[in-house]
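Asker: As a plain string of letters, each chain reads:
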Amino acid sequence: MHRLEEKLKILADAAKYDVSCSSSGSKRQNTGGIGDASFGGICHTYTEDGRCVSLLKILLTNHCIYDCAFCVSRKSNDIQRAAFTVQEAVDLTMNFYRRNYIEGLFLSSGIFKNADFTMERLLRVVKKLRTEERYNGYIHLKTIPGASDELIKEAGTYVDRMSINLELPTEAGLKMVAPDKDHASVRKPLAFVNEQIQAYKAESALIKHTPIFVPAGQSTQMVIGATPETDFEIMQVANEFYQKYQLKRVYYSGYIPINNQNSLLPQIGSAPPVVRENRLYQADWLLRFYDFTLEEIVNPLHVNLELDIDPKLSWALRNPQLFPVNINTADYKMIIRIPGIGRQSAMKIIQARKFGKLHEYQVKKMGIAFNRAQHFMYCADSVIRLGMPVMQSIRNNILKASTNNKLFQTQLTLF
Amino acid sequence: MYYLFDGTYSGFLCCVFESFERKEFDVIPLTGSEHQNSFFQNSRTITTHPEKAKRVLLGIQKRVSREKAVDFYKVFLSEDRKAWLASYKIIVDLFNTSKQVLQNYGNESTLYFSKMLQKVGRESHRMEAFVRFSKTADGGYYAVVEPDFNVLPLIADFFKKRYADQQWLIYDIKRKYGILYDKVNVSEVQEMPLDKHAVAAQHNIITLDANEEKFQRLWQKYFTSTNIESRKNTKLHLQHVPKRYWKYLTEKKVG
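These protein sequence lines are chains A and B, in that order. Quick note: the first sequence uses the working numbering, first residue 25, plus one each step. Quick note: the second sequence uses the working numbering, first residue 4, plus one each step.
Chain A extracted, bound-state conformation (with noise of 0.2 Å):
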């Protein structure tokens, strides 16, 4: 095999496991050289696994000081190790842009000497990219934890977004298999950079033609289902997050087992846990665009998400009071309560309505679950039931009638 060809299967291999490949968010356009950023983010392919591949994700180098039992490129691990040089990672990228392949590139290292001499190598690489390709593709940057403030602030004006992962839920997880790590790590840089990009906002309000600084923002991963954190204290994590730093995502990426050194963790064979995952998302998403609470979705009585039922049906069926609820009176907020029915159809049962009184024929084309949202709602010719509908009826009916239940064997769909 050609070694550049080695390099890449080596060090994309290495950074599989960085689930985020989102290219969105960014509004850096084309100045007279190549590229731009598409804001709603392009998906150039799908791997086998169904992930979207958005952008070319590599590590710099696999070699690491750290031995973080989770991670592939530990120290202690017996794998072949491999770097790219600077000029070799712009390469890739430019010839991979040039032909449509991607988006952009997500770049990530292993840590090798220390956080800034690392750090410093990354930015070689997106700097050269900007000024002397001057290219304006999308550009997702690892920030390495305890980096000079000075080297992180020169990489946000170059890149669209950086992430530092979490990686383990809870600090007590963390200290399990990583004894070298800690949150407070991973707070102060997201800190700091969350602090820039608000500093830079605030002055382009003010002057026209300020810098762009990481405009597609921050995110972070946790991996779900190494260590026994619950639902609730996941997404507890998750919210204070999106609140306290602004990120735009968290990712939430189930483990997949990779040793069997450390028997704290899954050992090799078990299967990722890909439906709870799916369910962590679906409940991430309900606090994000659907207006619910976190105690709403999990709280201290209720500390995981079920995982035969969606997150929003199971919230539904604890609140029997609130429905069934009438969609052409109710308003947007109630419509995207109801299991089943999701914003876009919402949208339209809103703007359909003001020309007559919807009929179930006519919800039922809109794009929506109707063998779930059925039991929640009523339409102007529905059968009006008496009283509180039974939700254990409702629940076993929904189950039933959804032929294509597999849930334990295959992922959902949704992302």
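A hint or two may mislead.
Calculated cross-link-like contacts (lysine-lysine; reagent style DSS-like; alpha-carbon spacing at most 25 Å) [claimed, not checked]: (1) B:Lys217 with B:Lys238; (2) B:Lys163 with B:Lys177; (3) A:Lys51 with B:Lys186; (4) B:Lys102 with A:Lys378; (5) B:Lys177 with A:Lys389; (6) A:Lys177 with A:Lys268; (7) B:Lys246 with B:Lys122; (8) B:Lys164 with A:Lys51; (9) A:Lys33 with B:Lys255; (10) B:Lys85 with A:Lys388; (11) B:Lys55 with B:Lys26; (12) B:Lys164 with A:Lys232; (13) A:Lys389 with B:Lys65.
Since the hints were derived computationally from the structure, they do not count as laboratory data.
Mind docking chain B on chain A? Use the hints.
Answerer: Only chain B this time, still in chain A's reference frame:
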């Protein structure tokens, strides 16, 4: 009454014009070539007048906004006859009543129109994602596509902005035309050596850049290395990358 037009968007808009002129509203718009192969009794051939088309377009823009008016063009590009009819009915309604028919999702035409609009949007988004350029020996980039709908006019601007400093050609093999960018303008090209037979043997006609194969191999290597075997999900994969697109996707070609 079948209105037979020349297959252009202007021609389609002229059907609306004619329809109002003759006070004939039970109309089905079709292209003239379709007529020759069928038994349409009641039909009228519509001549395309750019100025009449423009009047209709301005009328639509006035009623729904400039931005929304583009949706009619997008739906027209679906080449779907039922969508043309739905479109025609909506435009007639727009002119006859002052109501915002485009939001009346309880109405069959509106719903069909909005679904088709979504499909065309999805297809042009797909093309923005699935175009795979090959670099030629003279430094240009070319790609062959076979989209479900006629979306090249919708993606030209995207590629122009993004690949501003390279020459490129995107050729629609199904509709036998392409868009060519010469670092200044995008223009339509009709006659290409890239017809169905030529594409099979395209390497004989176009000399590729010396490094082209290397980067295609690197991309294939990346594609397989970034996959997580223990999460394999073929159903989801196929849903996102339907098989009909595979033959033009570097990473899905066998090799």
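Asker: Decide, hint by hint, whether the structure agrees.
Answerer: Each hint, compared with the structure:
1. For the suggested pair B:Lys217 and B:Lys238, the alpha carbons sit about 30 Å apart, so the restraint of at most 25 Å is broken.
2. Only pairs whose Cα atoms come within 25 Å are accepted, and B:Lys163 paired with B:Lys177 is accepted, the gap being roughly 22 Å.
3. Under the criterion of a C-alpha separation no larger than 25 Å, the hint pairing A:Lys51 with B:Lys186 is consistent with the structure, at around 22 Å.
4. This hinted pair checks out: B:Lys102 and A:Lys378 have alpha carbons roughly 11 Å apart, not beyond 25 Å.
5. Using a Cα cut-off of 25 Å, the hinted pair B:Lys177 and A:Lys389 is violated, with the two alpha carbons roughly 32 Å apart.
6. For the proposed pair A:Lys177 and A:Lys268, the alpha carbon gap of about 19 Å is at most 25 Å, so the pair holds.
7. Between B:Lys246 and B:Lys122 the alpha-carbon distance is near 17 Å, which keeps this suggested pair within the 25 Å criterion.
8. Of the pairs offered as hints, the one joining B:Lys164 and A:Lys51 holds, with about 13 Å between alpha carbons and a cut-off of 25 Å not exceeded.
9. About 17 Å separates the Cα atoms of A:Lys33 and B:Lys255, which keeps this hinted pair within 25 Å; it holds.
10. Straight-line distance between C-alpha atoms of B:Lys85 and A:Lys388 comes to about 20 Å, which keeps the hinted pair within the 25 Å bound.
11. Taking the CA atoms of B:Lys55 and B:Lys26, the gap is near 16 Å; set against the 25 Å cutoff, the hint holds.
12. Restraint check: the Cα-Cα separation between B:Lys164 and A:Lys232 comes to about 23 Å, which is no more than 25 Å; the hinted pair holds.
13. Restraint check for A:Lys389 and B:Lys65: the C-alpha separation of about 30 Å exceeds 25 Å, so the hint is violated.
Violated hints, in rising order: 1, 5, 13; the structure is consistent with all others.
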